[in-house]
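Number of protein chains: 2
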Amino acid sequence: MDGMNSDFERFLSKHSPFTKEQISEIAESLDIREYKKKTVILRAGDLVTECYLILKGCLRSYVIKDGLEKTIEFYMEEQSVALPGYGKQIPSELFLECVEDTVAVIGTPEIEAKMSNEFPELISASLKMTEDVIDNYQSTIVDYKMDSAEERYIRLTKERPGLIQRVPQYQLASYLGVQPESLSRIRRRISKK
Amino acid sequence: MDGMNSDFERFLSKHSPFTKEQISEIAESLDIREYKKKTVILRAGDLVTECYLILKGCLRSYVIKDGLEKTIEFYMEEQSVALPGYGKQIPSELFLECVEDTVAVIGTPEIEAKMSNEFPELISASLKMTEDVIDNYQSTIVDYKMDSAEERYIRLTKERPGLIQRVPQYQLASYLGVQPESLSRIRRRISKK
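Taken in order, these protein sequences are the chains called A and B. Heads up, the final residue of the first sequence is numbered 192 in numbering that gives the first Met the number 0, and it's a clean run with no missing numbers. Heads up, the final residue of the second sequence is numbered 192 in numbering that gives the first Met the number 0, and it's a clean run with no missing numbers.
Bear in mind the hints are in silico, worked out from the structure with no lab data behind them. Misleading hints may appear alongside valid ones.
Where chains are identical, the list cannot tell them apart; a pair therefore holds if satisfied intra-copy or between any two copies.
No more than 25 Å apart at the CA atoms, straight line, and that leaves these computed lysine-lysine pairs for DSS-like [as the list claims (entries may be wrong)]: (1) K35 <-> K69; (2) K157 <-> K192; (3) K64 <-> K13; (4) K157 <-> K87; (5) K127 <-> K113; (6) K144 <-> K69; (7) K113 <-> K87; (8) K37 <-> K144; (9) K144 <-> K87; (10) K13 <-> K87; (11) K36 <-> K64; (12) K192 <-> K64; (13) K157 <-> K64; (14) K19 <-> K113; (15) K64 <-> K144; (16) K69 <-> K55; (17) K127 <-> K87; (18) K87 <-> K69; (19) K157 <-> K69; (20) K144 <-> K157; (21) K113 <-> K191; (22) K36 <-> K13.
Remember, it's a predicted structure, so these values are computed and weren't measured experimentally.
Just chain A, same shape as in the assembly (with noise of 0.2 Å):
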């Protein structure tokens, strides 16, 4: 528990103006949870009550549709998750699950409000936070709109290559929305030029 809080702390002193007596004040009040690989944190169809701040670790949001997985998105260090429906009555349409052991900060609406309460700098710390993870989805969405599949491999080489090594080929590949095979063939074409 001690190494999961020093995570956070770490982490906020790199992204808040607190001081070290509030980080530790803010660290102690919060509730940091250890997931084992392969834990599955959400299925569909449950409600979407907690969000993450990722300590440690990497989580996979994923739908299953004809019987088949596909990976929506992967979320690594110091990224946070709040599915969609998070904080309202809407069932979930994703499962989220752990490629790896994880370690992560529990966000809900009662814990934000009332951090936010206690730490009103917290609410401009979220909004630039909720900002960046904004443009991240925006991303995402003019590469999937604009590239093929072999064009969006080739730029998450560059922009997340801890990914490619770090979760199952198959996942990556329904993540960029191929077959297994046709990602074995982009990356023989790629790795000949």
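With chain A fixed as given, assemble chain B onto it according to the hints.
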């Protein structure tokens, strides 16, 4: 100008906790602009120095790739538009153009900072709005990865019926990622059901 201001005051009284007086004060201090249909507000390569809150009309973001336009998103009344790279020194990949005559509140990082200083309640209002934007983008990504063009068209008819009436068919086709002829076929198939 009076008409534009009252559009904005209506918007704020619906979405914020401000008094009538505060709302007029905010509306007075903001830059509200009118654009003619087909105005290109931003070109690829430009820095993204402004964001927009649409009071009336419709904007479209698109990329040009291999000489072809691909529509990324349509934005209508009460939606906010902050294209990727907003407020950063990164040139835009996207164009932003008016599909209709459009009235929008203009934001810049400086205006946002000034407003949040003078009206701290605006920060949590923005955060709320930003979270809704994220929800929308996430749903777009999920739909895009999960659904066929026909399924996405049907979803649009339910969730954004106005859009289908208001935008040119070739733009709608490129938004759905299909050729205009395929969109016509989709429409014929659905109308027979």
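Status of each hint after checking the structure:
1. K35 <-> K69: So K35 and K69 pass the 25 Å test inside one copy only (22 Å; across, 42 Å).
2. K157 <-> K192: This pair counts as within: shortest intra-copy Cα distance 15 Å, inter-copy 46 Å.
3. K64 <-> K13: neither (40 Å within a copy, 38 Å between copies)
4. K157 <-> K87: Classified as between; 20 Å across copies, 36 Å inside a copy.
5. K127 <-> K113: both (19 Å within a copy, 15 Å between copies)
6. K144 <-> K69: both (17 Å within a copy, 7 Å between copies)
7. K113 <-> K87: within (18 Å within a copy, 31 Å between copies)
8. K37 <-> K144: Between copies, since 22 Å is at most 25 Å while 30 Å is not.
9. K144 <-> K87: between (29 Å within a copy, 23 Å between copies)
10. K13 <-> K87: Classified as between: cross-chain Cα gap 19 Å, same-chain 31 Å, threshold 25 Å.
11. K36 <-> K64: Classified as within: same-chain Cα gap 23 Å, cross-chain 40 Å, threshold 25 Å.
12. K192 <-> K64: between (36 Å within a copy, 23 Å between copies)
13. K157 <-> K64: between (30 Å within a copy, 20 Å between copies)
14. K19 <-> K113: Classified as within; 20 Å inside a copy, 28 Å across copies.
15. K64 <-> K144: both (21 Å within a copy, 10 Å between copies)
16. K69 <-> K55: within (24 Å within a copy, 37 Å between copies)
17. K127 <-> K87: both (22 Å within a copy, 12 Å between copies)
18. K87 <-> K69: within (24 Å within a copy, 33 Å between copies)
19. K157 <-> K69: both (23 Å within a copy, 24 Å between copies)
20. K144 <-> K157: Cα proximity of K144 and K157: in one copy and across copies (19 Å, 22 Å).
21. K113 <-> K191: neither (55 Å within a copy, 53 Å between copies)
22. K36 <-> K13: neither (27 Å within a copy, 45 Å between copies)
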